[in-house]
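So the sequences go chain by chain: A and B.
Mind the numbering: the first sequence is residues 1324 to 1468 in this note's numbering, read in order.
Mind the numbering: the second sequence is residues 87 to 591 in this note's numbering, read in order.
In short, the hints are calculated from the structure, not lab data.
Here a beta-carbon is modelled for each residue, glycine too, at the ideal position from N, C-alpha and C.
All the given hints hold, so there is nothing to weed out.
Here are the simulated BS3-like cross-link-like pairs (lysine-lysine), alpha carbons at most 27 Å apart as the crow flies:
id	chain 1	residue 1	chain 2	residue 2
1	A	Lys1456	B	Lys537
2	B	Lys511	B	Lys192
3	A	Lys1374	B	Lys511
4	B	Lys585	B	Lys473
5	A	Lys1456	B	Lys541
6	B	Lys346	A	Lys1374
Partial pick of chain B residues on the chain A-facing surface, computed with a CB cut under 10 Å:
id	residue
7	Glu103
8	Ile106
9	Ala110
10	Pro147
11	Gly515
12	Leu527
Residues per chain, in single letters:
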Amino acid sequence: MKKIRIREQYCMGCRLCEIYCAVQHSKSKDLVKAYRGEYPKPVPRILVEEKEYLSFAIQCRHCEDAPCISACMTGAMRRDPESGAVLCDEEKCVGCWMCIMVCPFGVIGRGREKKIISKCDLCLGEEEPACVKNCPNEALVLEEE
Amino acid sequence: MVKSSPPSGFLIDRDDERCIRCQACVRMCSNDVHAYDPEEDIIVSDSSKCVGCHFCEAICPTSALTVRHNPSQYRENFNWASEVINDIKTQAGSGGVILTGMGCDKPYPIYWDHIVLNASQVTNPSIDPLREPMELETFIGRKPDKIEIENFAEPKLATEISPQLELKTPIMFSAMSYGSISYNASLALARAASEFGTFWNTGEGGLHKDFYRYGPHTVVQVASGRFGVTREYLNVGGAIEIKIGQGAKPGIGGHLPGEKVTGPISETRMIPEGTDALSPAPHHDIYSIEDLRQLIYALKEATRYEKPVGVKIAAVHNVAPIASGIVRAGADFVAIDGIRGGTGAAPKVIRDNVGIPIEMAIAVVDSRLREEGIRNQASIIAAGGFKKSSDVIKAIALGADAVYIATAALVAMGCTICQKCYTGKCNWGIATQDPYLTKRLNPEIATRRLKNLLKAWSLEIKEMMGGMGINAIESLRGNREQLRGVGLNEVELKMLGIKPAGEAW
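Could you put together the complete structure from these sequences and hints?
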């Protein structure tokens, strides 16, 4: 499957990936409207980790052996058979946060609006994930694994 | 008195309707111009610190930022221009030399813009470069006085040809040292030159071990500081260039501040970490053409006469006789850097007042070498402010073999010529060694863009050549009949060796 590869040597820590991710998953999908008009404010599903000059953006790794799928008691967390991505069925999620507990990368978050989790969906349906498309320095690339 | 310091030349306009407080500008500015105030939920920009590099503008996702000229003005005065007043205020405060970066920005005439090219009409056919082969291949090095062929049944070249650099296009990347520019910027230049089939130049800072694999496309420089010069370094390059002078600062040495001499740079330059890298103004072993000849031949010996050895000088008043001496001293190419040539750091007064325009230098050097019958003995590489493909083709028609570009290459990598290279805070990750900033230049993107620039200019050169009915750059070299001057006086036309527009062959 196609996965997002992180090239930390080119990540400059501008956090534009976070902005574009949040907007991609907002109602209006418009930068200014999403940030200035929507409430609750859109939440990114990607996170830039920083320590001194080292920084990198991390989002769901869509693990082959995904602990979040095993830990999910309602079966909301599942693997999309077509893309191979790990996705959450928001109708089934009850917000028990078990997936958040078991995720080894800490890339599953709590949604703001409803009591459900929020995680990277690889922007399925789009040509490229928003973070990859908008990284100004190509520190994130979508590659066949 | 009120100690007045000069105002910043720039003003930052923030469209608050569009600002989403993402703080990308706050995180990215190395001059700490922008700051977020969480109490008021606003971003405040301190324009007085802005250098006008436009990085925040480029990174702002909603285009909320505009960096523009500060409209604050002194009373209009042609003689006491704002720059003059500000420089005096700066020096009254600092008591020092004013430093600057990049090339001379003063309005000396740009002769390229007063020279026009010819095209074929009726009596000679023009060539369509998209349908017919066009040759941009250029060879840099000593050419034989005559060619002898043996065995006419199966012809074979009897003359031994001196080592040559083979370029796919007559454009090379000029000297920029690792130290003055970042590792990633050097890497991009090296890769682009290797992949396109031209050359890049190490500058005086030695060659990082990682770049040895680009050696065949590298011109290695030997400058007055002799940084990083070893037998291995000389032999790994495709050619050697002895740097005598630089267009931005003729007669002046170099000074890389100790803060920029980080671990890998200290290793490459072979000097202790954190010490200032000082290049003396002259080579202390070269005080005459005879001394220069000794160094040229020492370098040729060290590389078993397998590589062209050239000399780079700044274009100064006596450029023609100096170039003649250099050729007679045994150089295989002469690189001439005009007054608009760039630098990482130079005293402003030198950059803006010393040297002559490259157009004049090419013309007089080419004429002089022809008159003396030694033009074939060395190639001429022109440098200093080449901004367009038309400048390149005009330089070749004036008599250059190839040109060096550096500022244009930096612009392709993001540079906006803010002239603050000497501060080491380049937001674009080019003229800096700060690890927060250097990673902003992804060498993959930069290589791609440099190759695009070379490709685009080469295509344009082919178009212009085709229009003139010329299908090989060799046939254009020194072909000043293809040039005419517009708006130039008689003396300028004579110096350039071209006819005024309107005068036929």
